[in-house]
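K.L.:
What follows is the residue order along each chain.
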Amino acid sequence: MLYDAIRSLPIVSPHGHTVPQWFSDDLPFADPADLLIIPDHYVFRMLYSQGVALEDLGIGVAPEKRDPRAIFRHLAQHWHLFMGTPSRGWLEHTLRAVFGITETLGPDTSDVIYDQIAAKLSTAQFRPVALLESFGIELLATTDGALDDLSPHASFARKGRKTRLIPTFRPDSVLDPMAKGWSEAMAQLGALTGEDCTTMAGWRAALMARRQHFIHHGATATDHAIDHLATEWLEAGTAQKLLEACLRGRADDAAKRRLYNHMLIEMAQMSIDDGLVMQLHAGSARGTNRALTDRFGADKGADIPLPQNWVRGADGLLNRVGNDAKLTLIAFTLDESVYARELAPMAGHWPALRLGPPWWFHDSPNGIRRYLDAVVESAGYWNLAGFNDDTRALMSIPARHDMWRRAVAEHLDAQIAAGRFGMTDAERIAQWLAVGAARAAYRL
Amino acid sequence: MLYDAIRSLPIVSPHGHTVPQWFSDDLPFADPADLLIIPDHYVFRMLYSQGVALEDLGIGVAPEKRDPRAIFRHLAQHWHLFMGTPSRGWLEHTLRAVFGITETLGPDTSDVIYDQIAAKLSTAQFRPVALLESFGIELLATTDGALDDLSPHASFARKGRKTRLIPTFRPDSVLDPMAKGWSEAMAQLGALTGEDCTTMAGWRAALMARRQHFIHHGATATDHAIDHLATEWLEAGTAQKLLEACLRGRADDAAKRRLYNHMLIEMAQMSIDDGLVMQLHAGSARGTNRALTDRFGADKGADIPLPQNWVRGADGLLNRVGNDAKLTLIAFTLDESVYARELAPMAGHWPALRLGPPWWFHDSPNGIRRYLDAVVESAGYWNLAGFNDDTRALMSIPARHDMWRRAVAEHLDAQIAAGRFGMTDAERIAQWLAVGAARAAYRL
Amino acid sequence: MLYDAIRSLPIVSPHGHTVPQWFSDDLPFADPADLLIIPDHYVFRMLYSQGVALEDLGIGVAPEKRDPRAIFRHLAQHWHLFMGTPSRGWLEHTLRAVFGITETLGPDTSDVIYDQIAAKLSTAQFRPVALLESFGIELLATTDGALDDLSPHASFARKGRKTRLIPTFRPDSVLDPMAKGWSEAMAQLGALTGEDCTTMAGWRAALMARRQHFIHHGATATDHAIDHLATEWLEAGTAQKLLEACLRGRADDAAKRRLYNHMLIEMAQMSIDDGLVMQLHAGSARGTNRALTDRFGADKGADIPLPQNWVRGADGLLNRVGNDAKLTLIAFTLDESVYARELAPMAGHWPALRLGPPWWFHDSPNGIRRYLDAVVESAGYWNLAGFNDDTRALMSIPARHDMWRRAVAEHLDAQIAAGRFGMTDAERIAQWLAVGAARAAYRL
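The listed protein sequences derive, respectively, from chains A, B and C.
Using the numbering used here, you'd call the opening residue of the first sequence number 19 and step up by one each time.
Using the numbering used here, you'd call the opening residue of the second sequence number 19 and step up by one each time.
Using the numbering used here, you'd call the opening residue of the third sequence number 19 and step up by one each time.
Since no wrong hints were added, every one of them can be taken at face value.
Repeated chains share a single entry, so a pair holds when one copy, or any two copies, can fit it.
Below 20 Å or equal to it, Euclidean Cα-Cα: the simulated EDC-like pairs (lysine to aspartate or glutamate) are:
#1 Lys198 x Asp166
#2 Lys318 x Asp342
#3 Lys198 x Asp270
#4 Lys344 x Glu73
What the hints contain is simulated information worked out from the structure, not anything from laboratory work.
Let the hints inform the model, and build the full structure from the sequences given.
P.N.:
Below is the structure:
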């Protein structure tokens with residue numbers, strides 16, 4: 019019953035990785051493989067773990083040389099591998115609820131289902147913008163580099179669609195001296211803003227200018243991908259010296275890391291001024307399969323979680339800005355052992371801190387159940403940031419929000435059964451977790 | 019049914035932080051805010067996390083300048099924040115079962131409920147000692163500094179009340195060279211005992227004398243608050259040199275820590291001789307919000323758990339004394355990941371080791387469920403130390419024991435349903451976990 | 019119902035520690051204590067934790083000086099200690115299902131039950147080989163030192179029994195320079211194979227020869243016991259220098275460890291060539307109670323789990339061989355916090371990696387439930403290696419497989435109830451987890 023009360027609420031998606039051009043151009047998706055398999059690392063990593071070559075899935079293959087029907091058959095033949103995984107739940111939801119397919123996927127039905135999907139993709143109601151509207155997506159945030167001009171967002175906004183499409187400021191390329199191509203990106207940043215990025219003051223001014231550009235296009239948040247969370251405030255002279263060393267290529271990894279750790283705090287201070295919510299996604303060891311990264315590039319399924327220490331790692335940041343309620347920090351972790359030990363007690367204390375939903379591998383029925391079990395007793399419901407789907411798989415958005423809403427309803431049903439609170443309170447919390455918390459945390 | 023068999027058993031509270039003068043003086047509590055909010059860091063930390071200033075809750079405000087009714091309204095207005103937290107469960111139990119209040123707390127009922135509580139507090143049956151008796155508290159342990167004269171305990175004992183009030187020896191101030199004011203405390207320790215605390219032999223003798231003083235006043239246990247658990251036995255000469263360096267202010271943090279780590283083992287050896295049970299509360303990073311600590315002092319809601327390694331940390335201690343069944347060590351952790359991995363296997367091996375109940379953030383329905391789920395299979399029930407409420411919130415004591423007993427009964431009902439054992443065994447274990455294990459572990 | 023479909027399937031036991039001579043000699047077991055208590059560290063560790071001396075349990079006592087009936091009484095008197103533990107479940111199953119005993123064990127029934135067991139042990143159907151067959155054990159793997167001649171396996175094989183008895187190659191004694199007696203073992207290895215083990219090439223050739231010897235006697239797997247997992251590929255010159263330093267006694271622990279970490283990768287490369295599956299049992303601090311180890315030797319109940327970092331620890335190994343589907347690596351951990359964080363995401367990516375079942379302290383109903391809850395969503399069912407009992411307690415083998423099968427059935431029933439998949443898929447998975455996955459992972 020609780021589920022019924024929230025299942026049809028609009029979708030608020032304040033963090034994700036869809037491509038803004040999809041919506042500004044509104045061209046049809048190429049084919050079922052291009053839509054459902056090639057961009058989805060959840061899907062191809064599992065196939066790869068059981069011996070399917072990435073090339074056979076079209077990864078690292080030029081679009082014109084791919085055989086999408088054959089790629090789709092690989093999924094169909096290995097469909098049993100996904101039993102018990104959220105990917106299977108999302109794909110089943112997509113096939114059934116979005117494409118209206120009633121057959122069960124398998125080797126025998128692969129071609130038939132492929133044809134059904136392909137046929138739909140060519141119709142008007144399966145264009146990206148029509149999908150946004152039929153999915154009931156009220157707001158969709160993309161994630162965009164600090165140097166992006168955001169013209170797709172501007173173009174989309176001019177069309178006056180029902181869905182609000184907003185960018186998110188992801189400055190890692192110009193913030194993290196360890197990032198590949200940082201020096202070049204810094205030069206571009208200077209050129210774009212007319213600031214002298216060889217000084218801390220100029221770098222700061224340039225970043226502030228880019229943030230204003232994002233705000234102008236609707237952004238309400240920044241995002242930071244951090245492998246090992248550490249934060250330390252540096253005196254002005256120290257920071258300037260490190261910046262110069264980094265720019266001259268004379269800094270070692272420790273020095274680069276120190277400057278980055280400082281810049282995270284600078285970002286938080288800018289957030290106090292300009293109001294952008296700050297997201298910290300910490301704890302993924304990126305590209306742990308180096309042969310794969312060398313051949314196919316980033317995001318090929320070998321990013322694996324790492325333990326994190328949020329108490330130590332966020333210490334510099336929180337002791338500088340954490341008492342300021344004008345700031346909202348949203349923390350995401352892939353290390354579940356910190357939920358009850360660190361993040362929930364911290365969110366139940368620091369005015370600036372909110373907990374993001376289970377992320378990535380833990381965005382799943384069990385992951386959500388363990389999260390709510392671990393965090394609510396110390397953080398309550400009002401220090402949570404609701405849900406985000408964090409996906410580049412457009413078709414999975416309604417499925418992911420539905421999975422969250424079901425898990426929330428199950429959690430609340432159990433709370434009622436245990437006598438923790440009654441139905442009226444549970445309904446209030448259900449609404450909050452389904453959409454209210456995301457709107458509040460992201461200032462939408 | 020299992021719950022019904024244990025719900026009305028007497029309360030044995032072998033570890034907590036109530037104030038002994040409450041019971042020796044037996045004066046009425048000042049007002050509802052002074053009773054329920056100002057001393058309860060669980061309560062004010064949550065309010066603070068959502069933007070309520072500590073000053074508005076009377077923290078850091080002289081008693082005569084506080085407006086207790088206004089403080090209470092802050093709780094009432096933010097009562098929804100506590101949904102799903104154990105604090106709400108405890109406070110609801112207090113309002114309903116102790117004060118007989120039937121209205122639901124909220125902005126509209128704040129003043130009415132405030133008045134009802136205030137009226138009761140002025141009556142004889144709400145004096146501290148009357149509460150002890152109406153709560154069915156058979157024994158209550160306080161936590162007391164090594165230099166305390168324990169006169170409130172002596173005075174209370176002379177009155178011949180039904181409840182036994184005993185002190186606990188907490189020597190951190192004279193044991194830990196890193197503790198604030200350690201040198202002065204050492205001088206006082208010397209003066210009080212007539213021992214020369216500049217020698218290891220004198221220090222030891224002084225500590226033994228204070229332990230005897232506590233034993234004389236009924237103590238059966240010591241307690242140690244440890245942020246990062248480590249233990250190492252030092253040769254006599256090394257220890258003496260470190261002591262001298264610490265006293266002369268020439269020791270660095272590592273040297274101070276080393277001496278403290280050694281002294282924990284000395285304490286354990288004294289326990290073998292004098293029979294005091296030794297409690298280790300390990301793994302809280304104290305005062306992580308430094309601005310708050312500077313303004314308001316310790317215990318203001320910013321103590322956050324840290325990961326611990328009990329295998330390595332207790333190695334020196336256990337290899338020196340852990341095989342001696344004359345010793346009882348009770349281990350408490352805030353890092354749940356060590357339950358199944360370290361503490362339960364250790365408790366299922368070392369004769370001296372018992373596991374304390376879930377502590378602090380984990381003293382909650384989910385926390386207790388996860389604890390029993392994780393520890394029983396390796397440690398069994400007989401290596402557990404039962405429950406302690408560990409609270410300075412007097413009114414919450416019956417609520418906390420009730421929450422434990424409900425969670426124990428639920429656990430045992432599930433064990434019966436799973437065919438692990440039958441009702442007769444379950445009843446035996448229920449009695450054990452409700453009161454028997456605490457009496458046994460604390461030698462009451 | 020799912021349980022009924024798998025409860026009577028044959029037992030496939032691809033990893034364990036029974037003694038091959040039991041089956042080649044087929045002599046009766048000496049007495050109930052020798053069978054059920056003295057070799058079972060799960061049992062005597064719990065008794066020891068509650069003050070029973072190991073000597074009183076016959077540990078460290080010559081067989082002719084033991085009083086088995088008195089030893090058995092210790093178990094009976096302390097039988098309540100085991101409530102809630104898997105040991106109690108296994109022993110109850112053994113008493114009831116294997117020995118047909120209907121009384122409940124306790125001080126009053128100790129002698130009667132002892133006599134019943136003793137009487138059965140003297141009969142033909144309680145000889146080791148008869149038990150293998152009555153237990154329905156299709157295959158049983160033992161664990162054997164690299165230098166073993168495997169004559170018991172050869173002798174057993176010649177008899178043409180229904181059960182297949184195979185060895186497992188456990189080379190720690192000749193692979194790990196930190197292992198006690200490594201130099202002597204290396205000399206023996208050289209003598210046995212005629213290779214010059216003072217060169218890397220010779221050492222490698224010797225190990226390959228011993229692996230062939232094991233393969234000849236039926237082995238399909240190797241096994242490695244690792245306290246702290248780390249792997250690093252060394253250039254040929256570096257490895258040779260470290261080997262020489264180790265042989266000459268000039269290497270420190272770090273150097274020894276580095277050579278061992280390299281040799282694990284050499285083993286994996288040999289596995290690609292000869293097809294032996296590689297098992298990694300990582301994360302046990304061995305012999306943490308040094309007084310006990312000194313008096314009674316290894317495996318006396320003081321091995322305690324340690325935290326592990328599989329992402330970092332297996333990095334060298336996986337980046338060298340993990341993309342090769344010809345290799346099967348099976349990972350076992352005692353640190354449950356890595357299931358969802360590291361091992362399941364890794365198994366859902368690396369073609370070579372499979373996850374072993376919950377091990378040791380976690381081979382229990384709750385342990386299995388937590389394992390499936392944590393790993394399936396990221397790894398699926400097809401990256402799991404099924405079950406192994408890993409026991410030296412022969413009588414417990416059917417009980418352990420039964421506990422796994424019950425827990426699997428409960429997990430799958432819950433998945434069906436949650437709508438994750440239907441009965442047909444669940445039955446397929448149940449078969450897979452009960453026997454299919456073990457056969458596949460171990461190439462049986």
